[in-house]
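Residue numbers (this note's numbering), protein chains in the order written: chain A, 1 to 395; chain B, 1 to 63.
By construction, these hints were calculated from the structure, which means they are not laboratory data. Computed from a prediction, not measured in an experiment: that's the story for all the values here. Don't take every hint at face value.
Some chain A residues close to chain B (C-beta under 8 Å, calculated; not the full set) [said to hold, decoys possible]:
1. Met-258
2. Asn-341
3. Trp-342
Below, simulated SDA-like cross-link-like pairs (lysine to any residue); rule was C-alpha separation at most 20 Å, straight line [as the list claims (entries may be wrong)]:
4. B:Lys-43 / A:Trp-166
5. A:Lys-138 / B:Asn-29
6. A:Lys-231 / B:Ile-9
7. A:Lys-270 / B:Val-57
8. A:Lys-255 / B:Lys-43
Cβ atoms here follow ideal geometry from the backbone N, Cα and C, with glycine treated the same way.
Residues per chain, in single letters:
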Amino acid sequence: MSDRTTDVLVIGAGPAGSMTAKWAAKHGANVLMIEKRQEIGSPVRCGEGMSKDWLAEVGVAPGRWVNLEVEGARIYSPSEKVFEINEKHAGNEVGYVVERDAFDKQLAIDAANAGVEVKLKTAAVGVLKENGRVVGAKVKEFGETYEIRAPITVAADGFESQVGRWAGIPTNLAVRDMDTCLQYRMTNVDCDVRYCDFYLGKVAPGGYVWIFPKAEGLANVGIGVQVSQVKSPADARTYLDRWIEAHPGYAKGKKIDMVGGGVSISPPLKQTVADGIMLVGDAARMIDPLTGGGIANGCIAGKICGEVAAEAVRSHDVSREFLQRYEKGWRARLEEKLYRNWLAKEKLTTLSDETFDKVVDAISGVRLGKLNVHNILKAVHEKYPEVTREFEALL
Amino acid sequence: MPSKKSLHIESSGQLCIYCGACVGICPLNCIYLDETRITFDEKVCTRCEICVKACPVGAIEIG
Numbered sequence: 001m002s003d004r005t006t007d008v009l010v011i012g013a014g015p016a017g018s019m020t021a022k023w024a025a026k027h028g029a030n031v032l033m034i035e036k037r038q039e040i041g042s043p044v045r046c047g048e049g050m051s052k053d054w055l056a057e058v059g060v061a062p063g064r065w066v067n068l069e070v071e072g073a074r075i076y077s078p079s080e081k082v083f084e085i086n087e088k089h090a091g092n093e094v095g096y097v098v099e100r101d102a103f104d105k106q107l108a109i110d111a112a113n114a115g116v117e118v119k120l121k122t123a124a125v126g127v128l129k130e131n132g133r134v135v136g137a138k139v140k141e142f143g144e145t146y147e148i149r150a151p152i153t154v155a156a157d158g159f160e161s162q163v164g165r166w167a168g169i170p171t172n173l174a175v176r177d178m179d180t181c182l183q184y185r186m187t188n189v190d191c192d193v194r195y196c197d198f199y200l201g202k203v204a205p206g207g208y209v210w211i212f213p214k215a216e217g218l219a220n221v222g223i224g225v226q227v228s229q230v231k232s233p234a235d236a237r238t239y240l241d242r243w244i245e246a247h248p249g250y251a252k253g254k255k256i257d258m259v260g261g262g263v264s265i266s267p268p269l270k271q272t273v274a275d276g277i278m279l280v281g282d283a284a285r286m287i288d289p290l291t292g293g294g295i296a297n298g299c300i301a302g303k304i305c306g307e308v309a310a311e312a313v314r315s316h317d318v319s320r321e322f323l324q325r326y327e328k329g330w331r332a333r334l335e336e337k338l339y340r341n342w343l344a345k346e347k348l349t350t351l352s353d354e355t356f357d358k359v360v361d362a363i364s365g366v367r368l369g370k371l372n373v374h375n376i377l378k379a380v381h382e383k384y385p386e387v388t389r390e391f392e393a394l395l
Numbered sequence: 001m002p003s004k005k006s007l008h009i010e011s012s013g014q015l016c017i018y019c020g021a022c023v024g025i026c027p028l029n030c031i032y033l034d035e036t037r038i039t040f041d042e043k044v045c046t047r048c049e050i051c052v053k054a055c056p057v058g059a060i061e062i063g
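Sequences and hints are given; from them, build the entire structure.
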């Protein structure tokens with residue numbers, strides 16, 4: 001394979017990469033998207049729950065990748081008091097349960113149909129730099145190494161991103177800002193297809209256990225544990241197995257699939273662009289630190305990233321200064337919520353089981369009206385005034 | 001100089017599920033995932049053991 005050039009090189013064909021590639025192509029750029037795997041979307045590393053109100057914004061229509069639509073979420077406290085949230089207020093994680101591999105493929109098809117060239121089995125193994133500026137990447141396609149030069153490189157290489165760090169953009173995570181996750185697809189379980197369920201407290205230190213129903217009797221049953229609260233190797237598996245064992249409706253189920261992975265639960269990065277390069281999606285640590293949901297944010301930022309990439313190429317200006325349009329654009333849309341939810345996560349990961357019980361007990365009995373921190377705290381204050389003192393930082 | 005502890009990533013598939021959690025958390029960016037093979041840079045690795053905690057299935061050992 002000989003060296004080649006393109007306008008925009010997108011590394012990684014997950015949702016954020018495909019979205020970036022599609023919008024850059026739609027705005028007139030020549031785009032090459034590379035994917036290290038042989039199959040886009042597979043193996044799945046995801047709980048497969050997502051909200052749906054953002055899809056139109058990025059030009060995606062619901063398709064066969066939707067498994068089912070849930071009505072809401074149920075939050076279980078450690079003593080299993082329940083708080084139900086209507087789907088409209090549940091945040092990034094609730095709305096659709098999806099076939100993630102089919103979703104990723106659809107976005108890649110959309111990108112390809114917009115003119116993007118896609119290369120499979122092609123991994124970035126380094127970035128090319130000239131005078132401190134990123135000018136493309138060294139790649140390995142079917143074992144053969146060559147260079148792709150591009151005025152704009154986009155790192156959409158997911159949680160395990162290395163491209164950003166190769167380019168000199170710090171994306172390191174503190175151990176309290178990452179969850180280690182494991183999930184089983186289970187059949188013959190007593191899931192309720194109307195709800196996504198979340199179990200909080202010591203069952204999943206610093207994280208939660210989730211149940212995302214795929215169909216009657218079939219669900220994704222998973223766990224995230226904050227890495228700073230891991231005591232022994234394989235705690236994610238130990239805690240998940242323990243939770244399943246303690247719940248007869250799931251203990252009787254059969255595992256048919258297992259996925260694992262890391263999820264960042266960090267504050268937004270200080271920097272997501274440098275000369276000639278932009279970071280997007282999980283690679284840019286855009287996952288919602290409270291819910292662990294990353295698809296919506298990755299796609300929303302991806303659209304902005306693609307538009308700015310095309311504009312930069314057209315303007316013959318790929319400097320860090322020009323790329324501030326992306327930096328500012330995604331921050332205007334997402335940063336405040338990411339930061340607020342990171343603060344909420346920081347607080348929630350310190351709460352005792354007893355406090356979780358009181359909070360869920362207090363809010364489950366009342367009509368909250370609009371679901372927001374203020375209304376929740378008001379309800380908690382009326383019943384357990386001593387608990388709200390712990391939350392003052394969030395007000 | 002005291003010799004470094006040994007780090008072993010079980011990546012033959014008996015334990016490892018190739019999820020990349022260790023790659024993303026490594027503070028020195030020295031773990032590489034190549035679909036069904038995980039390697040790390042022996043010289044760069046400081047045996048900080050963060051990857052051991054990040055692995056959801058216990059496939060990384062430090063001795």
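Structure-based check of each hint:
1. The beta carbon of Met-258 of chain A comes within 6 Å of a beta carbon in chain B, closer than 8 Å, and the hint placing it at the interface holds.
2. For Asn-341 of chain A, the interface hint is violated, the least distance from its beta-carbon to any beta-carbon of chain B being 20 Å, above 8 Å.
3. Proximity of Trp-342 of chain A to chain B is violated relative to the hint, the smallest CB-CB distance being about 17 Å (cut-off 8 Å).
4. Taken as a hint, the Lys-43 of chain B and Trp-166 of chain A pair is honoured in the structure, with Cα atoms around 17 Å apart against an allowance of 20 Å.
5. Between Lys-138 of chain A and Asn-29 of chain B, the direct Cα distance comes to roughly 17 Å. Compliance with the 20 Å bound is thereby established for this hinted pair.
6. For the suggested pair Lys-231 of chain A and Ile-9 of chain B, the alpha carbons sit about 19 Å apart, so the restraint of at most 20 Å is met.
7. A hinted pair counts as satisfied when its Cα atoms are at most 20 Å apart, and Lys-270 of chain A with Val-57 of chain B does not qualify at roughly 32 Å.
8. Note on Lys-255 of chain A and Lys-43 of chain B: the hinted pairing is violated, with a Cα-Cα distance of about 40 Å set against a maximum of 20 Å.
Going down the numbered hints, you'll see the structure goes against 2, 3, 7 and 8, while the others check out.
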